[in-house]
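Protein chains in written order, with my numbering: chain R, 3 to 234; chain H, 241 to 474.
Check the hints yourself; a few may be wrong.
[As the list claims (entries may be wrong)] Far from chain H, by Cβ distances over 12 angstroms, these chain R residues were calculated:
#, residue
1, P69
2, T107
3, M116
4, P124
5, M151
6, D198
7, S202
8, D234
[As the list claims (entries may be wrong)] In silico SDA-like cross-links for lysine to any residue, where the CA-CA straight-line distance does not exceed 25 angstroms:
#, chain 1, residue 1, chain 2, residue 2
9, H, K332, R, E137
10, H, K456, R, E205
11, H, K416, H, G393
Keep in mind the hints are simulated off the structure, nothing from the lab.
As the structure is a computational prediction, the values presented were derived from the model and not from experiment.
Even for Gly, the Cβ is constructed at its ideal location relative to N, Cα and C.
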Amino acid sequence: MALEMMMSGPDYMRDPRKHQFSPYANNGGTSVAIAGDDFVMIASDTRLSRGFNIFSREQDKVFPLTPKTMMASSGCWADVLTLNKVLQARLTMYSHEHHDMMSTTAVAQLLSTMLYWRRFFPYYVSNILAGIDEEGKGVVYHYDPVGHMEKLTFSATGESVSQIQPLLDNQIGGLNMLGVKPPTMTKDLARQLIHDAFVSAAERDINTGDGIIIHTITKDGKTEETVKLRRD
Amino acid sequence: MATERYSFSLTTFSPSGKLVQIEYALAAVAAGAPAVGIKAKDGVVLATEKKHKSILVEEHSIIKVEMITDHIGMVYSGMGPDYRLLVRQARKVAQQYFRTYLETIPTTQLVQRLAAIMQEYTQSGGVRPFGVSLLICGWDTDRPYLFQCDPSGAYFPWKATAMGKNFINGKTFLEKRYNEDLELDDAVHTAILTLKESFEGQMSSDNIEIGICNAKGFRRLTPAEVQDYLANIA
Chain R
3 MALEMMMSGP DYMRDPRKHQ FSPYANNGGT SVAIAGDDFV MIASDTRLSR
53 GFNIFSREQD KVFPLTPKTM MASSGCWADV LTLNKVLQAR LTMYSHEHHD
103 MMSTTAVAQL LSTMLYWRRF FPYYVSNILA GIDEEGKGVV YHYDPVGHME
153 KLTFSATGES VSQIQPLLDN QIGGLNMLGV KPPTMTKDLA RQLIHDAFVS
203 AAERDINTGD GIIIHTITKD GKTEETVKLR RD
Chain H
241 MATERYSFSL TTFSPSGKLV QIEYALAAVA AGAPAVGIKA KDGVVLATEK
291 KHKSILVEEH SIIKVEMITD HIGMVYSGMG PDYRLLVRQA RKVAQQYFRT
341 YLETIPTTQL VQRLAAIMQE YTQSGGVRPF GVSLLICGWD TDRPYLFQCD
391 PSGAYFPWKA TAMGKNFING KTFLEKRYNE DLELDDAVHT AILTLKESFE
441 GQMSSDNIEI GICNAKGFRR LTPAEVQDYL ANIA
C-alpha cells in the first residue's frame with residue numbers, strides 16, 4: 003500500500019521528505035500486434051488511467067499513419083499525443099516533398115530516429131508499428147522509449163506485456179514446447195489470439211480492462227472491431 | 241564560411257534584374273571542360289573530357305565522374321574545388337536520408353536538396369555562388385533520370401545535354417543525334433562523338449572519363465571499356 007502510494011500517488015504522497023516534480027506520468031495501456039502474409043492486426047486496450055484512477059474507458063490507443071500503416075502507443079499519454087502529432091507532421095512533409103506517401107519501412111526507421119533524438123529526455127512511450135510492406139506482407143515493429151527497433155511477426159507492449167508476450171511466444175512462435183510447429187497465421191487465428199490474450203490479461207492485471215479495439219490492415223483497406231473487457 | 245563582418249549577401253541584384261554573380265558563375269562553367277549526359281531507354285551515360293595541363297600530371301589520381309550512391313552518379317563543368325565540396329555534401333545528404341528512412345534516396349530528392357544548397361550560396365552572407373554546373377544521373381523506380389544543377393540553384397531534367405566549353409555546338413549535335421529509342425550502348429557512343437566535336441587532339445581512355453547508370457546501378461567505365469568504345473568510332 004505504501005509502496006503503491008510512493009510510485010503512483012500525487013507528489014506530496016510520493017515521499018514525505020521532499021517534493022520533486024516528475025515530468026512523466028504513467029497512464030497505462032497495453033498493445034498487441036500480429037502480422038500475417040497479407041494482413042496485419044493491431045489492438046490496444048481502451049483504458050486510460052493513472053494509479054487507481056480511471057481517466058477514460060474508451061480511449062483508442064491505435065493511431066493511423068498512412069493507409070498501410072498504424073501505430074499503437076502507450077505510457078505517458080502527453081508524450082503519446084505529442085509524438086503522434088510530430089510524426090504526422092513529418093509524414094505530411096514527406097508526402098509534400100516526394101509526391102507519394104511513406105512506405106511502412108520508411109515510417110519505421112523515421113520513428114526510430116525521432117525517438118533517439120530525444121535520448122536524453124525521452125518520450126515515455128511504448129510503441130508498436132504495424133503495416134503492410136512494399137511486397138504486400140504484414141510486418142510488425144517493436145520499439146523501446148529511445149528508439150531501439152525490432153522487426154517481428156508478433157509483439158506485445160505496455161502494462162500487461164509480461165502476461166501477453168509469453169502467451170504469444172508460445173502460441174505463435176511455438177516456443178517452450180516440444181515437437182510443435184507454429185501455425186500459419188490467418189486473420190481468424192490472429193483475432194482469436196488477441197481476444198484471448200487481452201481477456202486473460204484483464205483477469206490478472208489491474209491496469210488492463212474496459213475494452214479493446216482491434217484494427218486490421220490489408221492492401222484493400224482497414225477495418226476495426228470493438229470488444230468489451232471486464233471493467234473492474 | 242562568413243565572418244561576423246560579412247552578414248550581407250555578396251550576390252546582389254543589378255538594375256536590370258540580373259544577379260551578376262550568377263552570370264559570372266555561369267561564365268566560369270562555360271569556360272570549363274566539356275561534360276555530356278545522355279538518357280537512354282535502359283540507362284544514362286555521363287562523359288567528360290579530362291585534359292591535363294602538363295604531361296607531368298598524374299592523370300589517374302584525378303576522378304571527375306563520381307558516385308554519390310549505388311544508383312546515382314555525378315559529373316561537372318567548371319571549378320574543380322567547388323565540385324569536390326558538392327560531391328561530399330551530396331554523399332552526406334544521401335546517407336542522412338538513408339539513416340532517416342532506411343531507403344535509398346530517390347534521384348529527384350537528391351537533386352532538389354543539392355540545388356537548395358547551391359541556392360543558399362546565392363543568398364547568404366560572405367559567400368559566392370558555386371562555379372560549377374552539375375550533371376546528375378540516377379536510376380530508381382525502374383527508370384533513368386538525368387538532371388542538371390546550375391550555380392543559381394535551378395535544376396533541369398534533360399533527355400540529353402552538354403555543358404562547358406562549346407556547349408552550344410554540343411547541344412546542337414545532340415538535338416540532331418538524340419532519339420527516344422537509344423539503348424545505353426548507343427548513348428555512350430553518341431556521348432563520345434559529342435565530346436569529340438570540341439576535342440583538340442587524339443581522344444584516349446586517359447583523357448576522357450565515362451560513367452553509366454542503369455538498373456544494376458552506377459559505375460565508371462574501366463579504361464579498357466572506354467578503349468573499346470573509342471575503337472568503334474575511329
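Against the structure, the hints:
1. P69: holds, 18 angstroms
2. T107: violated, 6 angstroms
3. M116: It is violated; R/M116 is separated from chain H by about 9 angstroms at its closest Cβ, not greater than 12 angstroms.
4. P124: holds, 19 angstroms
5. M151: violated, 10 angstroms
6. D198: Correct as stated: the minimum Cβ-Cβ distance to chain H is 34 angstroms, above 12 angstroms.
7. S202: holds, 35 angstroms
8. D234: holds, 43 angstroms
9. H/K332 to R/E137: Violated - the C-alpha atoms of R/E137 and H/K332 are around 29 angstroms apart, more than 25 angstroms.
10. H/K456 to R/E205: Violated, at about 56 angstroms.
11. H/K416 to H/G393: violated, 29 angstroms
Hint violations for this structure: numbers 2, 3, 5, 9, 10, 11, all remaining hints satisfied.
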